[in-house]
Each structure stands twice: as structure tokens, then as C-alpha cells.
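Asker: Each chain is listed here by its residues.
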Amino acid sequence: MSPWEVLGIDPTLDRRAIKKAYAFRLKTSNPEDDPEEFQELREAYEMALALAKFEEGGAPEPLETPARRVPADLLDELPSVNRRVEELMERVRRLHVDESARTNEETWRAILTDESLWSLDVRAQFAARLFGFLLEGAQDLPVPVLVLLDQEFRFREDGFRLHRFFGPPEAVDSVLRAIHIASTERPLKGFENREMFALTESRSQGWLDDQLPDFDGLTDWFQRIPRAFRYVAVVGVLAINLRHCPAPSPTYRTSNWPIATSNELASEGEPGVPTDPKKSFNQIRASAEQGDAIAQRLLGQAYLEGWTGEPDGAKALEWFLRAAGKGDAESRAWIGILHEEGRGVPANPSLAAAYYQKAAMLEVRLAQFRLGRLLAEGPDPPRNAESAFFWLRLASGDEKFAAEAAPLLAKLRSELSPEQIRALEERMQRWVAHLYKKRRAR
Amino acid sequence: MTIVGIDLGTTNSLIGLFRDGGARLIPNVLGSTLTPSVVGLDDDGRILVGQAAKERLITHPDRSVASFKRFMGTERVTQLGDRRLRPEELSSFVLRALKADAEAHLEEPVVEAVISVPAYFNDAQRKATRTAGELAGLKVERLVNEPTAAAIAYGLHEAPNESTFLVFDLGGGTFDVSVLELFDGVMEVHASAGDNQLGGDDFTELLADAFLERARLKPSALDPIEFSVLRKQAEIAKRGLSNAESAAMKLVFDGHPREWTVNRRDLERLAKGLIERMRRPVERAMRDASMNVAGLHAVVLVGGATRMPLVHALAARLFGRFPLTHVHPDEAVAQGAAIQAGLKARDRALSETVLTDVCPYSLGVNSAVVDENRNVIGLEFSPILERNTVVPASREQTYFAIHEDQMEVRFDIYQGESRRLENNVRIGSMTLPLPPGNARERAISVRFTYDINGLLEIDTAVAGGTRKTLVIEGSPGTLTREQIRARLKELERMKVHPRDTLENRTATARAERLFEESLGELRQHVSRLLAGFEAVLARQDLREIAKARQELVQELDRIDGGPGVW
Numbered sequence: 000m001s002p003w004e005v006l007g008i009d010p011t012l013d014r015r016a017i018k019k020a021y022a023f024r025l026k027t028s029n030p031e032d033d034p035e036e037f038q039e040l041r042e043a044y045e046m047a048l049a050l051a052k053f054e055e056g057g058a059p060e061p062l063e064t065p066a067r068r069v070p071a072d073l074l075d076e077l078p079s080v081n082r083r084v085e086e087l088m089e090r091v092r093r094l095h096v097d098e099s100a101r102t103n104e105e106t107w108r109a110i111l112t113d114e115s116l117w118s119l120d121v122r123a124q125f126a127a128r129l130f131g132f133l134l135e136g137a138q139d140l141p142v143p144v145l146v147l148l149d150q151e152f153r154f155r156e157d158g159f160r161l162h163r164f165f166g167p168p169e170a171v172d173s174v175l176r177a178i179h180i181a182s183t184e185r186p187l188k189g190f191e192n193r194e195m196f197a198l199t200e201s202r203s204q205g206w207l208d209d210q211l212p213d214f215d216g217l218t219d220w221f222q223r224i225p226r227a228f229r230y231v232a233v234v235g236v237l238a239i240n241l242r243h244c245p246a247p248s249p250t251y252r253t254s255n256w257p258i259a260t261s262n263e264l265a266s267e268g269e270p271g272v273p274t275d276p277k278k279s280f281n282q283i284r285a286s287a288e289q290g291d292a293i294a295q296r297l298l299g300q301a302y303l304e305g306w307t308g309e310p311d312g313a314k315a316l317e318w319f320l321r322a323a324g325k326g327d328a329e330s331r332a333w334i335g336i337l338h339e340e341g342r343g344v345p346a347n348p349s350l351a352a353a354y355y356q357k358a359a360m361l362e363v364r365l366a367q368f369r370l371g372r373l374l375a376e377g378p379d380p381p382r383n384a385e386s387a388f389f390w391l392r393l394a395s396g397d398e399k400f401a402a403e404a405a406p407l408l409a410k411l412r413s414e415l416s417p418e419q420i421r422a423l424e425e426r427m428q429r430w431v432a433h434l435y436k437k438r439r440a441r
Numbered sequence: 000m001t002i003v004g005i006d007l008g009t010t011n012s013l014i015g016l017f018r019d020g021g022a023r024l025i026p027n028v029l030g031s032t033l034t035p036s037v038v039g040l041d042d043d044g045r046i047l048v049g050q051a052a053k054e055r056l057i058t059h060p061d062r063s064v065a066s067f068k069r070f071m072g073t074e075r076v077t078q079l080g081d082r083r084l085r086p087e088e089l090s091s092f093v094l095r096a097l098k099a100d101a102e103a104h105l106e107e108p109v110v111e112a113v114i115s116v117p118a119y120f121n122d123a124q125r126k127a128t129r130t131a132g133e134l135a136g137l138k139v140e141r142l143v144n145e146p147t148a149a150a151i152a153y154g155l156h157e158a159p160n161e162s163t164f165l166v167f168d169l170g171g172g173t174f175d176v177s178v179l180e181l182f183d184g185v186m187e188v189h190a191s192a193g194d195n196q197l198g199g200d201d202f203t204e205l206l207a208d209a210f211l212e213r214a215r216l217k218p219s220a221l222d223p224i225e226f227s228v229l230r231k232q233a234e235i236a237k238r239g240l241s242n243a244e245s246a247a248m249k250l251v252f253d254g255h256p257r258e259w260t261v262n263r264r265d266l267e268r269l270a271k272g273l274i275e276r277m278r279r280p281v282e283r284a285m286r287d288a289s290m291n292v293a294g295l296h297a298v299v300l301v302g303g304a305t306r307m308p309l310v311h312a313l314a315a316r317l318f319g320r321f322p323l324t325h326v327h328p329d330e331a332v333a334q335g336a337a338i339q340a341g342l343k344a345r346d347r348a349l350s351e352t353v354l355t356d357v358c359p360y361s362l363g364v365n366s367a368v369v370d371e372n373r374n375v376i377g378l379e380f381s382p383i384l385e386r387n388t389v390v391p392a393s394r395e396q397t398y399f400a401i402h403e404d405q406m407e408v409r410f411d412i413y414q415g416e417s418r419r420l421e422n423n424v425r426i427g428s429m430t431l432p433l434p435p436g437n438a439r440e441r442a443i444s445v446r447f448t449y450d451i452n453g454l455l456e457i458d459t460a461v462a463g464g465t466r467k468t469l470v471i472e473g474s475p476g477t478l479t480r481e482q483i484r485a486r487l488k489e490l491e492r493m494k495v496h497p498r499d500t501l502e503n504r505t506a507t508a509r510a511e512r513l514f515e516e517s518l519g520e521l522r523q524h525v526s527r528l529l530a531g532f533e534a535v536l537a538r539q540d541l542r543e544i545a546k547a548r549q550e551l552v553q554e555l556d557r558i559d560g561g562p563g564v565w
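The listed protein sequences derive, respectively, from chains A and B.
Heads up, the first sequence is in numbering that gives the first Met the number 0, so the first residue is 0 and it goes up one at a time.
Heads up, the second sequence is in numbering that gives the first Met the number 0, so the first residue is 0 and it goes up one at a time.
Simulated from the structure, these hints should not be mistaken for lab results.
Honestly, I wouldn't trust all of these hints.
Straight line, CA to CA, 20 angstroms or less: simulated SDA-like cross-link-like pairs of lysine to any residue [unchecked claim]:
#1 A:Lys26 to B:Glu161
#2 A:Lys26 to B:Asn160
#3 A:Lys19 to B:Thr163
#4 B:Lys494 to B:Gln78
#5 A:Lys19 to B:Glu351
#6 B:Lys271 to A:Gln150
#7 B:Lys343 to A:Asn29
#8 A:Lys26 to B:Phe182
#9 A:Lys52 to B:Gly294
#10 B:Lys271 to A:Asp113
#11 A:Lys314 to A:Ala346
#12 B:Lys494 to B:Ile483
#13 B:Lys494 to B:Asp61
#14 A:Lys26 to B:Val185
#15 A:Lys26 to A:Glu4
#16 B:Lys138 to A:Glu31
#17 A:Lys278 to A:Asp311
#18 A:Lys26 to B:Arg347
#19 A:Lys278 to A:Gly290
#20 A:Lys26 to B:Arg345
#21 A:Lys52 to A:Trp3
With these hints in hand, go ahead and build the complete structure from the sequences.
Answerer: What follows is the structure, given as C-alpha cells:
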């Protein structure tokens with residue numbers, strides 16, 4: 000059952016409606032009397048809310064503050080929280096370039112005990128900015144200073160969130176590692192070290208050239224890693240076989256993974272194309288059930304493609320929703336497909352477009368293509384030649400979609416004026432450049 | 000059958016019930032809703048609870064005990080005269096006294112109760128609270144988290160519908176923070192965090208220590224009576240500073256009076272570390288609730304210790320606004336517990352209200368980290384239930400045996416947030432036999448179910464084996480069924496001071512305390528008052544006793560500044 004069915008409403012991304020339905024159902028499925036029914040309701044509620052929140056753009060943005068310096072004449076115009084954060088950051092920068100003060104713990108302590116840091120909002124923003132500052136290359140601070148900053152802001156405890164908000168992941172890991180080594184005064188031992196290594200390597204593939212993942216490189220790289228850590232890669236390689244491999248999701252969990260599982264996967268023989276769909280299916284399902292977002296999406300795809308029987312749209316939706324609830328962008332594109340094609344759910348192209356839109360913003364080519372096509376064709380969602388052109392052009396960056404997009408684009412070109420096309424092309428370039436810069440900056 | 004709601008506090012305990020659409024607190028025999036959580040052994044060997052025992056903290060420190068809530072869930076034993084009592088037994092005496100008050104008030108037996116616990120209480124501490132209830136002859140229908148209880152009291156009566164607020168609960172011994180949202184009759188806790196070893200008592204200790212330091216005295220130089228006098232002075236000074244800029248502490252040592260006038264700045268300076276410790280749970284709760292200050296409609300202070308101006312100042316600094324103290328800070332938790340009792344009893348006035356709470360800490364097991372040759376190279380915490388999951392909740396993880404010939408697996412159960420096991424709290428362990436077979440085929444699923452009372456149940460299933468529920472063993476702070484039964488028998492043999500003479504006993508205990516504290520003329524005056532009252536008591540005329548007691552209490556009020564000062 001989809002979360003909305005459990006809540007007894009039509010699919011919606013309206014938070015208010017979701018909460019209302021939950022409150023209504025809660026009066027009969029309350030936690031006192033029926034723990035199991037309550038848990039089912041609760042899960043549906045959280046998932047529906049997570050989706051709504053994601054669609055609203057509530058994902059990684061909140062902590063993403065500009066890396067640039069704010070010009071002094073604009074400082075006064077900022078809301079007071081931001082202004083105070085800017086002032087503190089200015090002190091941090093000045094301190095960092097002053098060779099003698101920089102290595103002095105006390106000068107840092109003076110900033111950390113600033114009265115303005117008692118405000119929770121200032122504190123949260125400053126902590127994020129400070130981590131961003133470390134990411135930009137300031138992790139060369141002396142050990143006592145790193146330890147002090149970590150004691151104050153608990154960066155290591157917050158690794159998961161930091162990964163969500165900052166990229167690229169290997170850089171986040173390297174800062175956390177520097178802090179960890181500083182705090183424990185010994186190098187990371189055993190698994191911790193190697194796990195981080197494995198994690199870093201697998202992630203870095205997606206960020207190497209600021210473009211879509213280099214699938215061939217990933218396979219190549221797989222041969223180089225020790226057997227024990229291949230699990231990370233196994234899922235990755237399976238993903239390649241399913242064609243739409245995204246940039247590795249930051250929600251990718253390995254830290255809780257019981258290592259025996261990875262041994263098991265690693266000992267299944269050489270990786271590659273799943274020769275036995277059933278076996279692969281079981282592997283993916285095991286990972287999915289443990290909460291791995293990518294495996295959950297893969298499982299959804301497996302159900303949709305009918306690996307082990309008849310294709311099952313409803314089951315597929317269930318798993319896509321789970322993955323999407325964890326922030327997996329590509330799952331959103333797949334949920335859109337289900338809604339567009341009416342598989343497992345009633346066909347609803349407008350809702351499909353809403354799903355595509357968010358995934359498209361997160362650079363999922365599949366979603367860009369599907370959204371462009373919907374907008375090019377109309378009437379549900381309403382036809383919009385300009386937006387259609389924009390998305391189809393972006394999707395064409397991937398040759399998988401270029402051929403299919405070409406006739407649609409040709410038709411749109413004939414409709415749009417040369418000025419409109421030029422404006423759209425410019426907008427597109429700006430957007431691509433913006434994404435590129437954003438990644439570089441991070 | 001009425002279900003009562005009880006706030007079993009570190010400093011004071013309260014009892015109430017839900018009637019006519021609202022929470023009503025029940026006064027004790029002395030007419031106060033606050034019963035000090037103090038237990039003592041009277042000269043005749045009977046157990047004394049409440050204000051009388053609190054008076055005797057000064058005169059008989061070796062036969063009186065307070066703040067035992069801080070030891071709940073541990074094996075710490077308190078020596079009272081010749082008795083050795085566990086924290087849950089001491090708590091059970093307080094509960095019995097409250098129960099007697101409620102029964103006298105309602106004129107019917109009370110057997111079912113909702114008891115509040117700090118949100119940050121762990122499994123052993125919760126179980127101990129439940130055991131305390133059982134030992135007092137109460138069926139504990141529900142354990143409710145204190146900040147949640149306080150929030151219900153605020154939410155039901157004062158909060159606008161559709162609002163999000165933070166409850167900042169600093170009691171005598173524990174500190175809790177919860178972020179809640181209210182919508183369409185649903186009270187939903189988004190996140191809780193806390194420190195179960197931080198409370199108003201710590202501020203008292205700071206003042207007492209600072210006094211000793213200034214007077215160049217070693218704590219070991221004081222005898223138990225001097226020590227409890229000092230603590231009392233510190234407590235009074237701490238409270239005095241809530242209303243005045245400065246307060247005096249006095250102690251006669253070696254015949255020389257020592258005095259220190261402490262001001263608010265002194266206390267703030269001393270409490271710097273405690274204040275910083277309070278910031279962390281607030282940060283964590285806000286972060287876990289994905290909340291920023293602008294999203295909060297109100298910050299509500301509850302718990303007696305939030306009367307301290309420095310706590311108000313802290314809240315104002317953290318949130319950039321002044322906090323609310325609408326609810327009577329001492330009574331909010333008890334009111335909430337009473338409302339929860341009403342919910343439990345399905346009071347019609349609450350039929351449209353549903354409350355959901357969270358598990359404030361992560362729970363999980365140790366897991367081995369092995370290399371490619373299955374050599375164990377480390378252990379780490381593998382969380383199964385993540386903190387701030389809405390309860391009741393049930394989550395499962397799968398684990399595998401490490402070795403081919405492994406006969407059993409041992410899981411240690413931990414509570415905490417650190418990946419390193421040693422930074423978390425071990426709350427028990429369990430051992431599971433494995434059927435013979437390939438390590439890879441013997442998948443062990445471990446299911447953690449956290450119930451609505453915050454108690455943990457663990458189910459395990461081995462592939463090819465049978466499912467079974469495991470009892471956590473080896474948790475040092477918990478009593479087994481048999482132990483509880485044995486303890487109950489033991490406790491029944493102990494005599495408790497009868498409720499109907501408690502008023503007299505409290506008055507005499509207070510006079511005895513004043514005698515101890517005063518010198519010269521005043522001391523003789525107290526002595527005469529006491530002798531006069533004892534003579535009246537001996538004549539056993541109830542009306543005469545009541546009148547004499549009233550006069551005595553008035554006189555004592557005049558001497559030590561009125562009731563409630565201590």
C-alpha cells in the first residue's frame with residue numbers, strides 16, 4: 000500500500016492535508032491500543048511528509064550558506080543572525096592568515112566564547128560555515144585547535160549530516176579524519192580506517208570530473224580494492240547493470256552494515272553482470288531491507304522489471320518511496336514514471352511531473368527527459384514549450400536520451416522564436432555553469 | 000477505578016488525578032501538594048516520609064536520605080540505621096505516602112498509577128521506577144516522560160492549536176529538553192534530549208563547595224550534621240538568589256561562626272560549567288527536530304530549578320527571546336502525569352487528544368568488525384533503534400556469525416550515540432545458541448521493540464532455528480521477579496509512620512531541627528516549646544493536640560521565617 004492509501008487520502012504533497020489525515024486516523028489507530036497498526040500509520044505518515052518536504056525543496060539547502068565573503072557595505076543589511084555569523088567568520092579568516100595567532104589555542108577560544116555564539120541559530124550557522132571553511136583547505140590547523148573546534152561543535156558526531164550538506168564526500172571524510180586523528184592522537188586503526196577508505200573511493204568516483212559518474216572507471220577501480228570491501232562496489236556494479244547509476248547518494252550507509260554481510264557478498268564470486276537474477280535479487284533485497292537507499296531503489300526496479308516473476312508496480316512503488324524518503328533523487332524519477340504510466344497507481348501525469356521536476360533539478364537525466372517530454376506533449380500537465388525545450392536540451396547531454404529527444408526538440412525549435420531559443424540556451428548554460436561552480440567551490 | 004498521576008521527583012513528589020476536564024493535584028496531610036522525596040528512620044524504628052524526614056536530614060543525617068532518584072537503576076544501597084535499602088525501595092516509601100494521601104482524599108483504594116520519569120532515563124532506571132511502584136502496591140499503567148508530561152500540561156491548557164514549542168525542564172536532579180508540535184488534537188514529541196545527572200542539586204553543591212573553599216575548610220573536617228546544615232544553607236541561599244541580588248550562608252564551625260554573602264554574579268561564575276552542559280541537550284533536541292529558533296512558538300520553562308534567574312538568562316541567550324513560565328514550575332509534570340492518567344482511563348474530555356512520544360536515545364548492539372580472513376579487528380556500536388524514533392517502534396537488523404564452528408553469539412545491548420562502544424551505556428547482554436551449520440546461512444535477526452512506556456523488548460530469530468524473546472540479563476540495576484517478591488515481603492515487615500500522626504511528627508521534627516540549629520536563648524525557647532507540645536501529645540486529646548500544634552507551628556514559622564523556606 001502506498002503511504003497515502005494507509006492515510007486514506009489521494010496522493011498529495013500537501014503537508015497540511017497529510018497531517019490532517021494522520022491526526023484523523025490516529026484517533027482510531029492510537030499508540031496505546033494498537034501498537035502495530037500505529038506503527039504502520041506512522042511509517043506512512045513519515046514517508047508522505049518526507050516526500051512533501053523534499054518536493055518543497057526542503058532537502059540540503061538550509062545549511063548551504065555562501066562560501067564567498069559578504070562585502071562590508073552589505074553587512075548591515077543582513078538579518079542579525081547572518082550578520083553575526085559573517086562577523087565571526089571574518090574573525091576566523093583573519094585569524095587563519097595570521098601565522099602566530101592561528102596556532103594559538105587561546106585566540107580561537109576567544110572567538111568560541113563570543114557572546115553571540117550563545118544564540119542557537121548563530122551557533123548552528125556558524126558551525127556549518129566553520130566546517131565549510133575547514134573543507135576549503137583550512138584543515139591544516141594545529142591539532143589542539145582542531146580538537147577544540149570538534150569539542151565545541153561535535154563535528155564527528157554529526158558526520159551524517161555534514162555529508163548531506165557538503166560535498167564532495169571524500170573531502171568531508173578527509174576533514175573528519177583529520178579531526179579524528181587530532182582528537183585521538185593516533186591514526187585510525189583497523190576497520191575504521193579501511194572502511195573510510197572504501198567509502199571514500201566509492202564516492203569519489205561520482206565526483207571525479209564533476210560530471211555524471213564514470214561507470215567504466217568504477218568497474219576498473221573495483222578490481223583494485225581488497226576483497227573485504229567489495230560489498231560497497233557490488234551494489235554499485237549492480238546499479239550499472241540497471242543503467243541509471245546516479246552520483247552515489249550521500250545517504251549511502253555502510254557504517255552500520257554488519258561486516259559479515261559484506262564478506263558474504265564478496266565471496267559470491269567475481270562481480271559483474273548478475274548472471275543469476277534471483278540471486279542478485281535476494282542480495283539486493285537483503286540490503287534494501289537493512290535500509291540502504293540505493294538497494295531500495297534497485298529493488299523497486301527489479302520489481303518493476305519482473306526479475307523474479309510478474310512485474311509488480313505496487314511493490315516497486317513501495318520501495319521507490321522508501322528510497323525517496325531517504326533523499327534518493329533518482330527514485331523520485333521512478334515514482335514519476337509509475338504515476339505517468341499508471342503502474343501500481345492510477346495514472347496521474349501532473350503528479351508525475353511534480354516528481355520529475357524535483358529529480359530533474361537534482362540532475363537526474365532520466366527525469367529531465369521525461370519531464371521535458373510531458374511538457375512538450377501536454378495537455379496534462381499543461382504544455383509549455385519553453386520549459387520542455389530547456390529540460391530536453393539538458394537531458395540530451397546523455398546520449399541515452401539524445402536520440403529520443405531529438406525529434407521533440409526539432410519540433411519545439413520550429414515553434415519557438417530564435418530569441419526565445421537563445422535566451423533558453425543562455426539560461427541553460429548559466430545553470431550548468433552554476434552547478435559546475437557550486438561543485439568546484441565545494 | 001481512578002488512575003492517579005504521580006511525579007516522583009528528585010526533590011519533591013506530587014500526586015494528582017484527572018477530574019471534570021482538568022488535572023487536580025491532591026494535597027498531603029500537611030496541606031501541601033509537594034511532598035519532599037525524603038525518607039528517614041524515626042527514633043522508634045518506623046519509616047518517616049516527606050517534610051518530617053526532611054527536617055531530620057539536619058538532625059539525623061545518618062538516618063535520613065534525599066535525592067535517591069539519582070541512584071535509580073543502580074545497585075547503590077543506602078544505610079538507614081540498621082536497614083540497607085535500594086533506591087527503588089526508598090522511592091516506594093514515597094509512593095506509598097502519596098498513595099495514602101490520595102486514598103484519604105478520594106476515600107477509595109488507589110491501585111493504578113501513571114508515573115513520570117526523566118525522558119533520559121535508561122531502561123534500568125525505568126524498570127527500577129516500575130519496581131518502586133510495585134513495591135508500593137501500585138500497578139504502574141504507564142511511565143510518561145517528564146518533559147512530555149509538562150508539555151501536555153502546557154499544551155492542553157495554554158498552547159494555541161497548531162504550534163511548536165520547546166519544554167526546558169530542569170528539576171532537582173535531572174535535565175530534559177523536548178520539542179513538541181501540537182496539531183488537530185495530536186501532541187507529537189519531535190525530539191527529546193537531556194542529561195540525567197544534571198539538576199538543581201548541582202547548583203546547591205557548588206555553593207556548598209565554594210563556601211568550604213572560602214572558609215578554608217576541608218569537606219572531611221565537617222561532621223555529618225555540620226555537613227547537612229551547610230547543604231541546607233546552600234539550598235536556602237540558592238533559592239534566596241532567585242528573589243534577591245545576594246544571600247547569606249552561615250555555618251558555626253569549631254565554635255566560630257563563618258559567614259559568606261553570595262551574590263548572583265558569584266553563582267553565575269561558579270555555574271559556568273553547568274550552564275554550558277545545559278546548552279548541549281538543547282542544541283541536540285533542536286537539531287534532531289530540524290528546528291530553528293524562528294520555528295518555535297514558545298519556550299516553556301518547568302521544574303523548580305528554572306526559578307533561578309540564570310536559567311532564564313540562559314534561555315534568553317539561546318533563543319533570543321524571553322521564555323514562558325506559565326505553568327507552575329513545580330506542578331507542571333504532575334499535572335501532565337494526571338492528564339496522562341486521564342488519557343489512559345479514557346476520560347471523555349480527552350477523547351480527541353492523542354499523544355505520541357519518542358525514544359530519546361539510540362539503542363543497539365555491539366557488532367564485530369572483521370577483515371577478509373574473519374579476524375576480529377574491532378568492535379563497534381550498531382544502532383538498531385535510532386534516537387527520536389516515535390514509539391512504540393520496532394526495528395530489525397540482521398547479523399551473522401563470524402566463525403564457521405561458532406556455537407553461540409553474545410550480544411551486548413547499548414544505549415548511546417557513539418560509534419565507540421565504550422562511550423555508550425551498556426544496559427544488558429544476551430547469549431544466543433546457534434544451530435550447527437554454515438556461518439553464512441545462520442543469519443540472526445535481532446528485533447528491538449521499544450514500547451510506549453520506554454521499555455525495551457528484544458526478539459531474536461536464527462535462520463533455521465526458532466524465534467524467541469530474550470530477557471536482558473546482567474543489568475546490574477534491575478531486580479528479578481523473585482527478588483521483587485522477596486523484597487516486598489521484607490518491606491511489609493517494616494513499620495511506616497501512620498499518616499494521621501504525621502502532622503504532629505512533622506512539627507516536632509521541625510522543632511528538633513530548630514533546636515539543633517539555634518544557640519543560647521533561642522535554643523532554650525525551642526526546647527520549652529517542644530517539651531510543652533510533647534506534654535499535650537501525652538494527654539491524647541485530639542482537639543487539644545490540634546490546637547497546640549497550630550500554636551507550635553505558628554511560633555516555629557516566626558522563628559525560621561515561615562514554611563517552605565526549608
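Asker: All hints are to be evaluated individually against the structure, with a verdict given for each.
Answerer: Here is how each hint holds up against the structure:
1. For a cut-off of 20 angstroms, the pair hint linking Lys26 (chain A) to Glu161 (chain B) stands: about 17 angstroms separates their Cα positions.
2. The hinted pair formed by Lys26 (chain A) and Asn160 (chain B) meets the criterion: a straight-line CA distance of about 17 angstroms does not exceed 20 angstroms.
3. The suggested pairing of Lys19 (chain A) with Thr163 (chain B) holds, with an alpha-carbon distance near 16 angstroms, which does not exceed 20 angstroms.
4. Restraint check: the Cα-Cα separation between Lys494 (chain B) and Gln78 (chain B) comes to about 17 angstroms, which is no more than 20 angstroms; the hinted pair holds.
5. About 13 angstroms separates the Cα atoms of Lys19 (chain A) and Glu351 (chain B), which keeps this hinted pair within 20 angstroms; it holds.
6. As the CA atoms of Lys271 (chain B) and Gln150 (chain A) are separated by approximately 16 angstroms, the hinted pair is consistent with the 20 angstroms bound.
7. Distance hint between Lys343 (chain B) and Asn29 (chain A) is fulfilled; the C-alpha atoms sit about 12 angstroms from each other, no more than 20 angstroms.
8. This hinted pair checks out: Lys26 (chain A) and Phe182 (chain B) have alpha carbons roughly 13 angstroms apart, not beyond 20 angstroms.
9. Restraint check for Lys52 (chain A) and Gly294 (chain B): the C-alpha separation of about 15 angstroms stays at or below 20 angstroms, so the hint holds.
10. Using a Cα cut-off of 20 angstroms, the hinted pair Lys271 (chain B) and Asp113 (chain A) holds, with the two alpha carbons roughly 14 angstroms apart.
11. Restraint check: the Cα-Cα separation between Lys314 (chain A) and Ala346 (chain A) comes to about 16 angstroms, which is no more than 20 angstroms; the hinted pair holds.
12. The suggested pairing of Lys494 (chain B) with Ile483 (chain B) holds, with an alpha-carbon distance near 18 angstroms, which does not exceed 20 angstroms.
13. Taking the CA atoms of Lys494 (chain B) and Asp61 (chain B), the gap is about 19 angstroms. The hint holds against a cut of 20 angstroms.
14. About 9 angstroms separates the Cα atoms of Lys26 (chain A) and Val185 (chain B), which keeps this hinted pair within 20 angstroms; it holds.
15. Simply put, Lys26 (chain A) and Glu4 (chain A) have alpha-carbon atoms about 17 angstroms apart, close enough for the 20 angstroms limit, and the pair holds.
16. In summary, the hint linking Lys138 (chain B) to Glu31 (chain A) is supported, as the alpha carbons are separated by about 17 angstroms, within the 20 angstroms threshold.
17. In summary, the hint linking Lys278 (chain A) to Asp311 (chain A) is supported, as the alpha carbons are separated by about 18 angstroms, within the 20 angstroms threshold.
18. A hinted pair counts as satisfied when its Cα atoms are at most 20 angstroms apart, and Lys26 (chain A) with Arg347 (chain B) qualifies at roughly 13 angstroms.
19. Simply put, Lys278 (chain A) and Gly290 (chain A) have alpha-carbon atoms about 19 angstroms apart, close enough for the 20 angstroms limit, and the pair holds.
20. Among the hinted pairs, Lys26 (chain A) with Arg345 (chain B) is consistent with the structure: their alpha-carbon atoms are about 12 angstroms apart, no more than 20 angstroms.
21. Under the criterion of a C-alpha separation no larger than 20 angstroms, the hint pairing Lys52 (chain A) with Trp3 (chain A) is consistent with the structure, at around 15 angstroms.
Violated hints: none; the structure is consistent with every hint.
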